[in-house]
Every structure is written in C-alpha cells, then in structure tokens.
Amino acid sequence: MVNRLPAQGDPARTLLFAGGPHHVLGDHPARGEGLLRAKLPDWICCGAAALACLVDAFLPWMRSGSIERNGYQLLASGQHAGLLAGTGARALTVAAYLLPSLAAATLAALCGGRPAAARVLAALTGAVLAVGAVLATSKLHSGLLFGPFLGLGLGGLTVLTAVTRALTTRSQR
Amino acid sequence: MNWQPPSAPPGPDPSAPSVPWETPGAGPAARPKRRLARVAVIGVPVVLVGAGVATSLSLAGGGASPASTPDAAVRALLDSAQQGDLLGVLGTLEPSERDALEAGITQTTSQLQRLQVLSSDADLSDISGLTLGFSNIRTSTAFLTPQRAAVTITSGTASSHIDPSQLPLGSFTRSVAGSALAKTKAANSSSGVSTGNDVIVTVQENGSWYVSLGYTVAEDAARASGQTAPPASSSIPAVGSETADDAIRSLIQSAANLDVAGVIKLTPPGEMAALHDYAPLFLAQADNALSNVRSKLSVSITKLDLADVPDGSGSELVTIRGIAFRATYEQYTVTYDGSCLDISDASDPSNDQHFCPRASDLNSALSSLPAAIQPIVNDLKNLHPKEGLVALEENGQWYFDPVRTVFTDLDNLLGALSIKDMNDIASLVKQAQSGSLSSTLGG
Numbered sequence: 001m002v003n004r005l006p007a008q009g010d011p012a013r014t015l016l017f018a019g020g021p022h023h024v025l026g027d028h029p030a031r032g033e034g035l036l037r038a039k040l041p042d043w044i045c046c047g048a049a050a051l052a053c054l055v056d057a058f059l060p061w062m063r064s065g066s067i068e069r070n071g072y073q074l075l076a077s078g079q080h081a082g083l084l085a086g087t088g089a090r091a092l093t094v095a096a097y098l099l100p101s102l103a104a105a106t107l108a109a110l111c112g113g114r115p116a117a118a119r120v121l122a123a124l125t126g127a128v129l130a131v132g133a134v135l136a137t138s139k140l141h142s143g144l145l146f147g148p149f150l151g152l153g154l155g156g157l158t159v160l161t162a163v164t165r166a167l168t169t170r171s172q173r
Numbered sequence: 001m002n003w004q005p006p007s008a009p010p011g012p013d014p015s016a017p018s019v020p021w022e023t024p025g026a027g028p029a030a031r032p033k034r035r036l037a038r039v040a041v042i043g044v045p046v047v048l049v050g051a052g053v054a055t056s057l058s059l060a061g062g063g064a065s066p067a068s069t070p071d072a073a074v075r076a077l078l079d080s081a082q083q084g085d086l087l088g089v090l091g092t093l094e095p096s097e098r099d100a101l102e103a104g105i106t107q108t109t110s111q112l113q114r115l116q117v118l119s120s121d122a123d124l125s126d127i128s129g130l131t132l133g134f135s136n137i138r139t140s141t142a143f144l145t146p147q148r149a150a151v152t153i154t155s156g157t158a159s160s161h162i163d164p165s166q167l168p169l170g171s172f173t174r175s176v177a178g179s180a181l182a183k184t185k186a187a188n189s190s191s192g193v194s195t196g197n198d199v200i201v202t203v204q205e206n207g208s209w210y211v212s213l214g215y216t217v218a219e220d221a222a223r224a225s226g227q228t229a230p231p232a233s234s235s236i237p238a239v240g241s242e243t244a245d246d247a248i249r250s251l252i253q254s255a256a257n258l259d260v261a262g263v264i265k266l267t268p269p270g271e272m273a274a275l276h277d278y279a280p281l282f283l284a285q286a287d288n289a290l291s292n293v294r295s296k297l298s299v300s301i302t303k304l305d306l307a308d309v310p311d312g313s314g315s316e317l318v319t320i321r322g323i324a325f326r327a328t329y330e331q332y333t334v335t336y337d338g339s340c341l342d343i344s345d346a347s348d349p350s351n352d353q354h355f356c357p358r359a360s361d362l363n364s365a366l367s368s369l370p371a372a373i374q375p376i377v378n379d380l381k382n383l384h385p386k387e388g389l390v391a392l393e394e395n396g397q398w399y400f401d402p403v404r405t406v407f408t409d410l411d412n413l414l415g416a417l418s419i420k421d422m423n424d425i426a427s428l429v430k431q432a433q434s435g436s437l438s439s440t441l442g443g
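For the record, the sequence lines run as chains A and B.
The numbers in the numbering used here rise by one with no breaks, and the one at position 165 of the first sequence is 165.
The numbers in the numbering used here rise by one with no breaks, and the one at position 393 of the second sequence is 393.
It is possible that some hints are incorrect.
[Stated by the list, open to error] Computed, partial: chain B to chain A, Cβ under 8 Å:
#, residue
1, Val44
2, Val49
3, Ala51
4, Pro95
5, Gly133
6, Glu387
[What the hints assert, rightly or not] Covered by chain B, per the in silico footprint, the following chain A stretches (three or more residues, Cβ under 8 Å):
#, region
7, 91 to 99
8, 135 to 147
Since the hints were derived computationally from the structure, they do not count as laboratory data.
Since the structure is predicted, the reported quantities are computational estimates derived from the model, not experimental observations.
C-beta: ideal position from N, C-alpha, C; glycine also.
Please put together the full structure from these sequences, using the hints given.
Here it is in structure tokens:
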C-alpha cells in the first residue's frame, strides 16, 4: 500500500499546495490537503481577480471619433490633453501605472505562501481600477465603452472578495 | 470438535514493517530536483514581480507620444481631426490655450444641448454628418525662434463630407432653419490644400511641440500686414496681482485710463503669450489712435464693489456688485453713483441732465412695444445671468483672462435662458421669416 503525493519539486505540488516553501517542501499529507482546500479561494478571490483587473485595463474604455482607447491609452491621452490635473489625479495616474506590479505582486504573494499580503495587494489592485473607472465615468461625458463599467464592477468585486476572504480567514483562526 | 479461539481480525501487523509515505525521488538522487523546486518557489514570485514592474515602467514610459517636431505636431492635429478624435486634437494644442478652450467648449456644448440648439446626443468626439480627410500632406518648417516654428502646408488634398440631415442639431435649430436644412443636400468636396502665405505656428514646451492657436493668429496677422514677428526683447511683460480682485481692479482702472499696454500686461503670460509677444506690432498705432481721446478724457473710479465666485479650477469669476465713476470729456462731466447718471455741461448748465431709471420706466417702455413681442421681451428682461470678468492664477499671480471671460459669460447667459425663452425666440424668428413681424411692428 503506497500513499502517493506529488513529488518534491513537482510543479503540480507547488500550485496545488501553494502555501509557501515550508508547506510545499513539507512532507505531511494532511497539511498539504488542507492547504489545497484553504488556498484555492485565495487564488480565485485574489489571484484571478487581480489578473482580471489588469486585463480590464487593456480592454476598450473610450471611443473618440474613430479611435478606441484602452485604459492606459486613455490615461496617456488624458495626461497629454491636460485632463488629469490636480494631486488626486496625479496620484491615481501613478497608481494606475503600478497596476501591473500590484497584480503581479498579488500572484507572487500567493506563490510565495503569503495569502494575507496577497489579499491586501488584491484589494489595492481592485481599488485602483475601481477609482480609475469612477474617474473616467465622471470626467468623460461621452464615448465611454464597456471597459470602465466592467472595471468598476471587477474592481469593486476584487476589493470585496479580498476583504471578505481576509475577515473569514481571521474568524476561522 | 475442539473449540478454537477466533482468528484475529485483520489489522496492522505490529511486526510488519511500516509502509512509508512514498515520495518518489526522495532519495539522494532527488537532491538536484529539490534544489530546483526551491529555486522555482523563490524564482516564480521574483519573475512575476519583475514582469509586473517591467510592464508598469513600459506603460508609464509609453502612451500617447508627444510630437517631437513642429511638423509632427501639425500632422497629429490633422490626423486627429480626420479621425474625429477630440481627445487627440486637445492633446496637440498648446497646454495653457487648450485648458482655456476645453472647459469653455464643453460647457457651451452642454448649454446648447439643454436649449435644444444641438441634439441631446450631440458628441464633440463624434460629430455626425461631418467627415474630414487629409491625404498626401507635405509641409515645410521655418523656425521663428528655437522654441517656436511656423509650419506651412505646401501641398496635399483635403476632402470633406457634410450631410445636413445628419448634423447633431436640436429641435430649436431645426424649427428655425428646418426648411433651409431640408433644401441642402449631402455634399462631398475634395480640393488641394495649401496654407499659402499663412502658417500654423507650433511651440515647444517641456520637450514636446504643440500647435498654438494664439501664435498662429498673431503670426498670420503680422504676415498679412507685411510685418515680421517682433524680437523677444520687446515683448510686453506680464504683471500679476496678489488676488483675483486686485487683478480685476487693475484691469478696470487701466481700461478707464485707455492704457492698452496696461491691459495687456494684466493678461496671463502663458495662455496669452502670443498677445504679449506680438503686441509691440500694434501697440504704437493703438496708442496714437487713443492719445487724442486720452488728452481730453479723464475717468476716475470712485467706487468699485467686487464679489468673487471661485470655479475650483484655478480661476475666479469676479462680478461687479457696485460701481461709481466720474468722467470728464472736454466741457462735459458724467457722474454715475451706482443708480443714477448725471451729465453736466460746463459751458451751458441748461444742458445738464439727470437719468435715474426705475422699473416703471422700463415697464412703460415695454408697453410701447408691439403686443406680439411684449411677452417675449418681458421674459427676456427677467434674465439675470451672472456676468463678470474671470481672473486666472498662473504661477501664484492673478491675471485677467479674456478667453475664459468670454466662455464663462456665454455659459452664464445661456444658463439663464430656458426652453420657453428659446421657443419665444424661435417664434420671433418665424414671424420675421414669414413677414408677419414686420407688418406687426409696422402696424
């Protein structure tokens, strides 16, 4: 009778039991299975959500004439056309450019077994997208495409799920 | 049959060797794999973060590339216009001029939509019924200064398509000009394009080139009158004030003194840079023309009561709540105390006059109008748009902003009008078109 676990170093083991080096490299089966159950929601609520936020920023946000712009093209054109004046707008611009870093850091935190950090990073990612979407819908009076509306939903949902996940995990402890 | 103890239930045999959790490759031969796993576990997050940071940097450094040459700025403007891309057009304009125009155009468009002059779905980013096209555009560039260049379109083709039935006009415009619009058919046109002696002036700011409307108008006016741009040393310096009120007080005083240079000095140095630079071309002429009047006219402002309305974008609408002045011109003296006007003639006191308008005077004047237009004029006289002068803050100093003043006052005037007022105006226009108004007035 042999109980098989994914081998040490098997990528499947790393992904399934994403609990960090101490979990991945540990040999206790029960702990590994528990991690599988516990971490999958984090991958969905934080990892996938942050990635979806990033993808949304590259979807069409605005049409001006015959030109369609994604979130980043709109940001650059808005900067160039002087639509993003003021400290708040400048801060949001910087945050928007950090969005890929935030999404990547969320995934890295999950891979590295830092779910708490991943939740914070995912919430930040969602918040940046949601605030950007609110700014776009309030500043632009016409030509809006589905990007900002989807961003508002995705960003809000990401913040909500990341916060909910953090709270439920804390209460379980 | 002898009793025999029951056989032991199946279970673990204490003597049997325990079954280990098999971890394939856990032996000494698997050490390189384990090392690889450790590297992967640390490496994957590092690679992810690295990729994220690289993407962030790439996005921040990319985006809408500003024009690196004067020619590129003009081409970007034409391309954006051709694509109906308002955001792109705004991005090609000189920043301070663009800021002044952008809010004004947006506000005016909104008011015109509300008043049904434009249709509610009118969109400056996508004007229906109007298409522009430019092809084979060739340009030449002449540098006026290192930071200012004149671009001439030497050849190319411009095409346009206008379909009046598709233009975003509202019910007011269609009711007033409906018959004329119905008669006009959709038209295509195509012609060679060349700016000839005229130029499009571009300016360099922070390493990028932008089209400047102010410098274009100024340079073309100078060329039309056979003059060249004055040297930078003769530019009229801007003189700002500590507060918006002070800027407008100075403006009113300069205007009262017929001091053209004084008025120009009070305008923003960025947005009105072209005026400051090109004013020497016409200032001497203007001064000569006014000097005769100035020698005989003297105006003193005896009371000036101002009120500020900040608009939240670095500018303030300064309204005049009360003003009193005394002006003398030759033997005449005009005094206004805020409510009544006195005109005295030093050479003949019998010519002295006193005007003190009352509401009853206005009503009696109204009653003398033809009955058909009395309700319309009555409605319109009750409009009280918040008119004033706009002061703009640039680099911590306040200046009088003529462009924002025009747009703000237009916005306030349009904002005071209602749909009913527009219907009244439309009925007046229709009466005039049908000839019934002239017969009414004549009658």
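Now for the hints, and whether the structure bears them out:
1. Restraint check, Val44/B versus chain A: the minimum CB separation of about 5 Å is within 8 Å; hint holds.
2. With its C-beta approaching chain A no nearer than about 5 Å, Val49/B sits inside the 8 Å limit, and its interface hint holds.
3. Taken as an interface hint, Ala51/B checks out: its beta carbon lies about 6 Å from the nearest beta carbon of chain A, inside 8 Å.
4. Checking Pro95/B against chain A by beta carbon gives a least distance of about 5 Å; that is within 8 Å, so the hint holds.
5. Given the 8 Å rule on beta carbons, the hint for Gly133/B is violated: about 11 Å separates it from the nearest Cβ of chain A.
6. The beta carbon of Glu387/B comes no nearer than 25 Å to any beta carbon in chain A, farther than 8 Å, and the hint placing it at the interface is violated.
7. Coverage of the region 91 to 99 of chain A by chain B holds. Counting CB-CB distances below 8 Å, 3 residues qualify, and the rule asks for three or more.
8. Counting residues of the region 135 to 147 of chain A whose CB lies closer than 8 Å to any CB of chain B gives 3, which reaches the minimum of 3, so the coverage claim holds.
Figure legend: structure checked against the earlier numbered hints; hints not met, in rising order: 5 and 6.
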